[in-house]
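Engineer: For reference, the chains in residue letters:
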Amino acid sequence: MDLKDKLLSSFLAFEDKVNVNDPVHEIRSEAIKNFESKGFPTKKEEAWKYTSLNGLQKVDFSVFPKESGALEYKDIKKYFLHEIDTYKIVFIDGVYSSYLSETTHDGVDVCLMSSALNKPEYKQIIELYFNKVASKDESLTTLNTAFSKEGAYVYIPKSKAPRKPIQILHLATGNEASLMLQPRNLIIAEQNAEVQIIERHQSLTENEVFTNSVTEIFAGKDAHVDYYKIQNDNAEASLIDNTYISQKDNSIVRVHTFSFGGKLIRNNLNYYQNGEHIDSTLKGVTILGEKQHVDHYTLVHHAQPNCESHQDYKGIFGGRSTGVFNGKIIVDKIAQKTNAFQQNNNILISDKAEVNTKPQLEIFADDVRCSHGCTIGQLDEEALFYLQSRGIPKKEASGLLMYAFANNVLESVRIPELKTRINKIIANKLGVRIGFDL
Amino acid sequence: MLRIKDLHASVEDKKILKGINLEVNAGEVHAIMGPNGSGKSTLAEVIAGHEEYEVKKGSIELDGEDLEDMAPEERAHSGIFLSFQYPVEIPGVSVTNFMKTAINESRKARGLEDMPANEMLKLIREKSELLDIDRKFLSRSLNEGFSGGEKKRNEIFQMAMLEPKLAILDETDSGLDIDALRIVANGVNKLRSEDRAIVVITHYQRLLDYIVPDYVHVLHDGKIVKSGGKELAVELEAKGYDWIKQETVA
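Keeping their order, the protein sequence lines are chains Y and X. Quick note: the first sequence uses my numbering, first residue 1, plus one each step. Quick note: the second sequence uses my numbering, first residue 1, plus one each step.
Keep in mind that the hints are not guaranteed to be accurate.
Said to hold, decoys possible - Listed below are several chain X residues computed to face chain Y (Cβ distance under 8 Å; list not exhaustive): (1) P35; (2) N36; (3) A71; (4) E73; (5) Q205.
Unchecked claim - Label-pair distances were calculated between CB atoms; the ranges are: (6) Y:E362 <-> X:A117: 39 to 45 Å; (7) Y:E206 <-> X:D66: 48 to 54 Å; (8) Y:T375 <-> X:G240: 40 to 46 Å; (9) X:R140 <-> Y:S412: 15 to 21 Å; (10) X:D179 <-> Y:H372: 50 to 56 Å; (11) Y:E45 <-> X:G175: 50 to 56 Å; (12) X:K108 <-> Y:S412: 49 to 55 Å; (13) Y:S412 <-> X:G175: 54 to 60 Å; (14) Y:D85 <-> X:D179: 30 to 36 Å; (15) Y:H372 <-> X:E51: 32 to 38 Å; (16) Y:E411 <-> X:G240: 47 to 53 Å.
If you're looking for bench data, these hints aren't it; they were derived computationally from the structure. Because the structure is a prediction, the values reported are computed rather than measured. Glycine included, each C-beta is placed from N, C-alpha and C at the ideal position.
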């Protein structure tokens, strides 16, 4: 049985475990119909030209994991940003771990999707936001919607901000030979609210893991959301991250995506601007080797006047790794005075690495500023010679140049400890000694 | 200290250096002058080990050691410093961090531990004062958006930090106004010492009013065609390079 059939038959079993009379279940039923008719995307589709899901579909993934054993905090501490105090929402093989988590209902809600979906006090919010910005016809998103049951739920009411950042950590223990996970996150920052979130998926063994995640983010007027995705997983872990963001007037939403490891990663990052004077910022650092593959597929839809978007993705590709950047910007006719900036720069450090980069601009307004630039190149020989002539060996000099190249994307990271952590990961990846803070 | 014998070098089969002989001793300052395209910068880059050039014949020795098989960083570790005509901009690496990395890499090559942070700070403060460099300047990205004068001053600052045996200053005067030239030249003069040799490469005599050489060599078409004392530079300034060219042809 291939994965699609397995998922379709699993849906019947899934229905035994959830309340089928819940309005949310109507949404799930619609979604599974869509997935049934569309199936997994193929390379024939323009949006999936460079990323094949064929290999994943041949794996016999467990869709409902057995209840997994507990993990000791000391064994997984390194996957947290443990230098600072944070709220934590932790899942082990898709199951919430209350032992490792620290949630709150103190003025804000930092808790579980399953609670939000089941408890009456959240009903109104769920009706207002759940599945409202996520695509109703993109097949992987609808697949997630069909099985949506668990994930992180963050609700920040008007003019509130949680006392500390929130970490969402998905751990896979390897108890299953191969495991498929479908977390569903809902993040709501009401008017003038503020929140910072760090998300990470981590497999603890070399057993195969396939995560198909959907995150919906709603930013009200004047709200500010910072979302950091750390993708530094094991060689047999694949991730499809579908993130949908809806923004109102004067809001700021910044998503940073750090892709350093994993087998196949696809980031579908979609911004919808539903107001004026909005700032949408998308940044990424990708450093890959071996046979890793990362595909960044971004969309920014400017639907109102006087808004901005800033995209800056940097990639360093070694080994036989492959990278894709497809950045789509749509500027509606009424979205005058839009300022859309997009930059994608790549360095290939191996003859066998490959990058495909494509800006896609659809502009229907006439008074806009849109700039985009894509580069694919090697390290600058003159710069290397300059560093070497000062006594820095070639290997370290290359590392330093690549480090500097990737580093400027981090300027907008607003959690200093996270910035330091990412800096260290980058330096490690590139073999640079950092006896200093750049 | 530096001994160059019958040096021939090419880039992509184009012969640029055609038999250079030069000997520079510790404590001496040599000026190498010559018209554009005579091979001055090539000579500097070949000594520093630029891989773009192929040494076809001859040798370069530093303190009796042949440099041929040494990478640029190894040459730097043995005491060679090149002040670039066009210092490269490195966004994302601050001047301070660049210097720390360079110094610690040199120490590592000599089997030494990293320089303690307080010692490093003291050294940076001391050397930046020597060149009248503002503290804020040190946290800026290396050469990025620097004016011509700032770039050259920064080169000499690096020289002061690294304390080389042999410093080659490639067109250090180009792009400098008279005030900047004076600061840079003062910096270089403070670094003159009995156990350090300096080779100043310049098109014009102007810099040599400030950094007074012991010897002047004239390079033309890949060869040193005339050598003399500091008065040669003055003569060149008065008569122009055509004088040398004519003399060479004759």
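Engineer: Next step is simple, just say for each hint if it's right about the structure.
Structural biologist: Hints, one by one, checked against the model:
With a cut of 8 Å, the hint placing X:P35 at the interface with chain Y is violated, because the nearest CB-to-CB distance is about 24 Å. Here the hint on X:N36 is broken, as its CB sits about 20 Å from the closest CB of chain Y, past 8 Å. Because the closest C-beta pair between X:A71 and chain Y is about 7 Å apart, less than 8 Å, the hint holds. Look at X:E73: its Cβ gets to within about 5 Å of chain Y, closer than 8 Å, so that hint holds up.
Nearest Cβ of chain Y to the Cβ of X:Q205: about 27 Å, over the 8 Å cut. The hint is violated. The hint said 39 to 45 Å for the Cβ distance between Y:E362 and X:A117, and at roughly 53 Å that hint is violated. Judged by the Cβ atoms, the range 48 to 54 Å given for Y:E206 and X:D66 holds: they are separated by roughly 50 Å. For the pair Y:T375 and X:G240, the beta carbons lie near 45 Å from each other, so the given range of 40 to 46 Å is met.
Look at X:R140 against Y:S412: about 19 Å separates their beta carbons, and that is inside 15 to 21 Å. For X:D179 and Y:H372, the hinted distance range of 50 to 56 Å is not satisfied, since their beta carbons lie about 42 Å from each other. Judged by the Cβ atoms, the range 50 to 56 Å given for Y:E45 and X:G175 holds: they are separated by roughly 55 Å. The hinted window of 49 to 55 Å between X:K108 and Y:S412 is violated, with their beta carbons roughly 34 Å apart.
Between Y:S412 and X:G175, the C-beta spacing of about 35 Å breaks the proposed range 54 to 60 Å. With their beta carbons about 53 Å apart, Y:D85 and X:D179 fall outside the hinted range of 30 to 36 Å. The hint said 32 to 38 Å for the Cβ distance between Y:H372 and X:E51, and at roughly 35 Å that hint holds. The hinted window of 47 to 53 Å between Y:E411 and X:G240 holds, with their beta carbons roughly 52 Å apart.
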